Every structure is written in C-alpha cells, then in structure tokens.
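K.L.:
The chain contents come next:
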Amino acid sequence: MSTTTTQSVAATAQAPARRRTKARIHPFLFVLPSVVMLVLLLVLPIGQAFIDSLRVDGSWSFDNYVRAIRRDHLARIAIKHTFIFAAVSVAGQYLIGFAVALLLNERLPARGLIRVLFIVPWMFPAVVPGIVWRWMFDGLYGVINEVLYRIGYYAETDPPIAWLGQTSTALPATIVANIWRGFPFIMVLLLAGLQAVNSELYEAAAVDGANVWRRFWDITLPAMLGISYVALLLAWIGSFMNFAIVQVMTAGGPANSSEVFATLIYKNAFLYADANYAATLGIILLALLMIPGALYVRSTLNKGHA
Amino acid sequence: MPKGVTRRDLLKTGAAAAAGAAVAAGAALVPNAASAAPSPRRAPYVRRQETVTLRFMTHNTLEKPAGDVLKEMIAEFEAENPNIKIQLDEVPNADVLTKLTAYAEGNDLPDIIDGQFGLSSFISLNAALDITDRIDAEGLRDSFIPVALQAAMDSEGRILGMPLYTGTDALYYRIDHFEEAGLDPNSPPRTWDELVEVAKALTNPRAGRYGFGMYGKTHTQRVIHFMQNNGPDGEMLRLDRESGIWTILCNSPDSIGAVQYLVDLALVHKVVPPNVVEMDYPANVSAFAGGNISMLTTGPWGAQTFIGTNPELEGKFAVAIHPTPDGSTPKLRQGSLVYAIGRTTKYPDEAFKFLKWIAHDRQSYFAAKAGYGPTTKAALEDPAIAEDPFLSVFLEQSLTAVVEPYEVELPEWNRIKDLFDPEWQAALIGDKDVTTAMNTAAQHFKDVLGDRAELKYPVS
Chain A
1 MSTTTTQSVA
11 ATAQAPARRR
21 TKARIHPFLF
31 VLPSVVMLVL
41 LLVLPIGQAF
51 IDSLRVDGSW
61 SFDNYVRAIR
71 RDHLARIAIK
81 HTFIFAAVSV
91 AGQYLIGFAV
101 ALLLNERLPA
111 RGLIRVLFIV
121 PWMFPAVVPG
131 IVWRWMFDGL
141 YGVINEVLYR
151 IGYYAETDPP
161 IAWLGQTSTA
171 LPATIVANIW
181 RGFPFIMVLL
191 LAGLQAVNSE
201 LYEAAAVDGA
211 NVWRRFWDIT
221 LPAMLGISYV
231 ALLLAWIGSF
241 MNFAIVQVMT
251 AGGPANSSEV
261 FATLIYKNAF
271 LYADANYAAT
281 LGIILLALLM
291 IPGALYVRST
301 LNKGHA
Chain B
1 MPKGVTRRDL
11 LKTGAAAAAG
21 AAVAAGAALV
31 PNAASAAPSP
41 RRAPYVRRQE
51 TVTLRFMTHN
61 TLEKPAGDVL
71 KEMIAEFEAE
81 NPNIKIQLDE
91 VPNADVLTKL
101 TAYAEGNDLP
111 DIIDGQFGLS
121 SFISLNAALD
131 ITDRIDAEGL
141 RDSFIPVALQ
151 AAMDSEGRIL
161 GMPLYTGTDA
171 LYYRIDHFEE
181 AGLDPNSPPR
191 TWDELVEVAK
201 ALTNPRAGRY
211 GFGMYGKTHT
221 QRVIHFMQNN
231 GPDGEMLRLD
241 RESGIWTILC
251 NSPDSIGAVQ
261 YLVDLALVHK
271 VVPPNVVEMD
281 YPANVSAFAG
291 GNISMLTTGP
301 WGAQTFIGTN
311 PELEGKFAVA
321 IHPTPDGSTP
331 KLRQGSLVYA
341 IGRTTKYPDE
351 AFKFLKWIAH
361 DRQSYFAAKA
371 GYGPTTKAAL
381 EDPAIAEDPF
391 LSVFLEQSLT
401 AVVEPYEVEL
411 PEWNRIKDLF
421 DPEWQAALIG
431 DKDVTTAMNT
441 AAQHFKDVLG
451 DRAELKYPVS
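So the sequences go chain by chain: A and B. For the first sequence, counting from 1, position 190 maps to 190 in the numbering used here; every step adds exactly one. For the second sequence, counting from 1, position 361 maps to 361 in the numbering used here; every step adds exactly one.
Be careful, since some hints might not be right.
Said to hold, decoys possible - Incomplete in silico selection of chain B near chain A, CB under 8 Å:
id, residue
1, GLY106
2, GLU179
3, GLU180
4, THR203
5, PRO205
6, ARG206
7, ALA207
8, VAL276
9, ASN414
10, ARG415
To be clear, the hints were calculated from the coordinates, so they are not data collected in a lab. As the structure is a computational prediction, the values presented were derived from the model and not from experiment. Backbone N, C-alpha and C fix where the C-beta goes; we use that ideal spot for every residue, glycine too.
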C-alpha cells in the first residue's frame, strides 16, 4: 500500500516536469524540418562555395578574391552595371508601382479585373519577359522600332535602331524589361498598405480643407513609409541578383555593356569551367546582398516585437 | 492504418516484399533451363544478358533533318543490339556546354557526350574517356579523314572521341535575290572586293534586305576565316609545338586588316543588318531563310537548316567557295563535331560500340542523308556525297583546311573567345577603332595565358 502511494506521489511530481520538458522540446521539433532544409539547401552549399572559393590550383589562398577585386576588369564592369541596373530598376519599379497602387485604390469599374491584369507581368518567370522584350527591342523585327517609325521618329531610309546592339542602349533596355516585370510586386505591397490606412483620417483632412496633394503628403506618404522600406529592400535584392532577363536579352553584350554580376558568375561557372572563381564571385555577391538582407530581417524583427 | 488491414497482414506483405527484393537482387544469376528438373548435380549458373541503357547527350536530334536520320540510326542500332538501349538526353545547341559542365561538376556524365563547344571543353572538364587503344585495336585510325580525326586528339595525341561530321565555311547566297538585283547567280563573289560590290547591289534597307550576314553576337570565331586568308600572321593564336608557347596574333597587321574589312562592311558599306551584334547563328539562319540577308557563310549543315527553317527556300539558294582577298583557294579552319564517351561511364564497351556505329560504321549514310560533311574516307567516296552539289564545294575546301590547335587543345579557349567577342563587337559598332580593339583583345589573351603565351606585336 505504502509502495503504491509513494509511486503515485512520484508520478504526480514527474508529470509537470515531463510537461515542462515537452514544452521546451516541442518548439524545437516544430522548427526542426525547416532547420534541416535550410542547412541542406542553404548553409551547406554556401559553405561549400566558400571552401571552393579558397581553392587555387590545389592549394588554399585568397587569390581568387584578389583577382576579382584587383585584376578582373570584367568583375569591375559587372559590379558597376549591377548597381546601375538595381538602382534604376528599383526607382522605376517603385514610382510606377506606387502610381498604379494609388490608381487601383480608387473606386474604378472592374477594379478587381484591372488589379489582376496589372499583376500579370510578375506572374511570369523572368525568362518570359526577357524573351518578350528581346523581340520587342529587336533591331530588324521589333515592334518598338515599328512604332517609332510609324509616329515619324525616323524616316523610312534611316537604319532601324539596334536597341540591344548598341553599348549605349543595351543596359537601359534590360532595365526597362526589369521594371516592367518588377513593378507589380511593389504595387501589390503598396496597395495593401494603402488599404490599411484609416479612411477617417482622409475624411477629417477633407473637412479641414486639405486638398488631394496635402492629403497625399501628410497622410498617405507617412503611412506608407514602413511598407515602402520593405518593398524597396526586396526589390533591390531581386534586381541586384537578376540573371534571367539580362541573360536572355543580351547575355551581357554587346561588348560587355550590359554585363552584370550574375551573368559573369554564370559565364565563369558554365562557359569557362572555372567553378572556383565563380564560387568566389558568388560569395562576393552574397556579401553584397547581405546588407539589404540584414536590413530587411531587422525591419521584420522590429515589427514582430512591436 | 487502413481499416481491415492488420499488423499481421502488413508483416506478410513486408515479408513478401523482402522476398521479392531478394529475388530481384539475384535476378542476374538464374539457373538455366536444365536446372528446373531435379538433378543430383548443382545446376551451372549463367549470367542472364543484362540490358544496358546508354545516356546519349546530343543536340543533333533536335535538328532537321539530322535528328530524324540520327533517330533512325539509333533504332537500327537497338534492333541489332537488343541488349543496348539508347536513352536520349537532348540539349539545345546553345546549352550544350552549360549542361556538360553541370554534369561534369555533379559527377553525372552521360555515357556519350556532345562536343558542340569543341574538344577543349572536354579537356578543361576532364570529361572524355581516352579511346586511343580502342581506336587502334579496331584499326579505325586510318579510316577517318586525318583532319577530321585531328579534331578529336589532344596535345599528347590521345584520341578522346570520334567526329560525327566536319566542315569548313562556304558562301551561301540567294539565287532569287541575285536575279532580282540583276546579278548573275552563276558568278558568286570570289574576292573580297567582289563581295563588297555584290553585297552593295543586293542591299535594300527599305525592303529590310542586306547583302551579307555576319555573326556579331555568337559564333564570332568565323572571323578567323577572314584572318587566315589575309596573310601569314592572320590568326588568333599560333602554337609552337616545341616550346608549347602560344603566339598571340589577333593584333597582327594581317588580323587587323581582316577585321577592318568586316567592320567596313558594317560601318562604311552598310551591307549588313544594323543590329549585327544581336545576330547569333539562329538569327542569321532566320534572316537568310526569311530573305533579310542575301549571303551568309556557314558550314555544310547550313543547307538543310535553311530549308528546315523555310521549306520554300529549296532551289532558291546556292553555295560557293569562301571569298578570299584575291580569289585564291581559301585556307579555312575545319570545324568538327566530336562525340566522346563520358569518362565515368560504367559501360565503356557498349558506349564505344554505339559511338563507332554513328560516327564510323554508318557515317556515309548520316553524311549523305543529313547533308553534313563526312569524316571517313569511305564516306568521301560515296557517290551520294561526292556528287552532291553542296557537299562537293565543302569537300574541295577541306583539301586546304586546317584544324586550329587552340580550338582543340587549349582549355581556356572558351574564355579567350569570350574575351575576343566584346572587342570584336566594340569595333563592329564603332565604339573602338579596330587596332585598339584587337590590341585590347591581345592583352586579355596574354592575361589569361600568362607565361604560356607571348605577344608578337605590341599592344599599345
């Protein structure tokens, strides 16, 4: 009898302890699959790439990094183009995305359908807009030259403009395609932000006699700062690592005038069989992307704590 | 657990599966028919003939009509060798090197690999199996045309593959365009000056027609054809076999003269499409087949490719000897498509058998049917090839053709080609003068090759 009582008391005392242990373990179990996947698909490949980047002719060295930073003229060209590509793309995507979001926030007929249509460019894999815009910009058969000719921009006897065949226009042409593809993403984010703004603020401002511009400047813009910050960071990351549009439209040409970092990595890895150097360039790209990445994570965590 | 299924049922199923697996594992070793009857002696076991599946990486099956011919040959091979199955791994022309690199890096090379980007790609990736002994054991070395087999040999003389087809570039021209422009289609241009004059006569920008097509985006190695015929130092690189040193010649006066001639076609005479640096091989083929360009240099495969693109073109174009500065016999680089056996294949015997079948045994059939340049001596004598009006032009040119060592032996050739392209493009669109562009290219070559190369001409 006494044994039974002792056992039951012990069991009663162990139950909360087991529950506490379970409570401590369960959260880790829930995130374990994600952690395993991250390690397998992200941490290990990046670690391998970093190790590869330090291999030069069978020995360990930072020479690949020295080569990328000091000796490879193409790497310097590509990084400059990448910053231009990302900066202009993000600016264009943001301005157009914001304008369209404001438009679609108004009471328009068939507003739902119009919203869906505006998202279409973003729904395609990047290769598709690349192909579409490549043909639109084509010097011989492109619709853009045809339109310019029809509106009288150039005469019948003038040679057509080789948009993708000139060093001055190849990179801008790829930026146009990237803006077209990327603005719907920003539009969707900003539209969600606009819909979260309390309508009573606008009504109160209207009663106080504020015009459209004042309402935009004093209510809309401040309310959109947080979401704009996130949208700009994500757009920057997407544009900075863009590969498909540039590769499909120009492959970095002519004369390296549209070479970006991602196309240079591809060439080293797959055309020159220089995997270690490609890994080095990949690590450099990763390091450059970690800055906006860290800012994005910080802003997300701040929201979580708020 | 589904309703009605007990733990015992599952155990039974598991046992059955285990037994099945055991049977499957031992499937290669089965008793012969005699063993079915009771016998006091243990029945001798024989190996059942396994079916071997070979992965065949190729871009040719995606082409017309070569693809159909190749598939026919594969079907014949499988019928004759029922224990060997061919599994096609079809890769578009432009993606061959990307895919091959991925396979090599992933240690997943197909049994037969495609050398669309030249033997140097096999060498730089260490992707091909050395088949020298097999070639010699079967006495095949002398049955290939030497210049074709040379494209499959590395600097140490090892044979790393077999050429499926070969060819130089010749001048294709549109007969109908010549007639419309009042030119005699039986007198195609032979000299560079004639090429300019004829191209001018054919050019009509209003109609979207240009006299000559050039490769401004890819396949720029075709510039070499013009360099080679403009003097003794007209070349990209020259190998000194004794020292192993490459002499950089892309900035020699002969090479610069050749590039200047081509640049003038674009910028001075304006006889090439204004978007020339957008023009890769498919774009040029489309432009020729669609009537936007009237003359184009390409290999023997061009004829069928044009007809495949535009069937109405049959009979409307002809082929002529590649023009040279003075109309003399051209000296041209010989390009060959080499297939090799993947270095890691588990079935080298079967892979060799198949490779020999397509590249050697059935070579005459393939060359005649697909219209590609033959690689064996037997195919050369085949009347279907020797009397073909197109192929005969290429065969005539092949007598003086050469295999460029750098395209075969230099592992960095693809990088060097890619360093040449931007300079060639910059000259072609007038961003740089030709001398500056070629000097820059030469310096890039030197930077890549280091001590293995020397500059013969100053770069500044």
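K.L.:
Take the hints in turn and mark each one as holding or not.
P.N.:
Here is how each hint holds up against the structure:
1. Among the interface hints, the one on GLY106 (chain B) is violated; its C-beta lies about 11 Å from the nearest C-beta in chain A, farther than the 8 Å criterion.
2. For GLU179 (chain B), the suggested interface contact is broken, since its CB lies about 23 Å from the closest CB of chain A, more than 8 Å.
3. Taking 8 Å as the C-beta cut-off, the interface hint given for GLU180 (chain B) is violated, the closest approach to chain A being about 19 Å.
4. Taking 8 Å as the C-beta contact cut-off toward chain A, the hint placing THR203 (chain B) at the interface is violated, the least distance being around 11 Å.
5. Proximity of PRO205 (chain B) to chain A holds as hinted, the smallest CB-CB distance being about 6 Å (cut-off 8 Å).
6. The restraint placing ARG206 (chain B) at the interface with chain A holds, with a minimum CB-CB distance near 6 Å, inside the 8 Å limit.
7. Using the Cβ-Cβ criterion of 8 Å, the hint placing ALA207 (chain B) at the interface with chain A is not satisfied: the shortest such distance is roughly 11 Å.
8. At a threshold of 8 Å, the smallest CB-CB gap from VAL276 (chain B) to chain A is about 7 Å, leaving the interface hint in force.
9. Given hint, ASN414 (chain B) at the interface with chain A, holds; its Cβ is 5 Å from that chain's nearest Cβ, closer than 8 Å.
10. Here the hint on ARG415 (chain B) is kept, as its CB sits about 4 Å from the closest CB of chain A, short of 8 Å.
The structure does not agree with the numbered hints 1, 2, 3, 4 and 7 stated previously, though it agrees with the rest.
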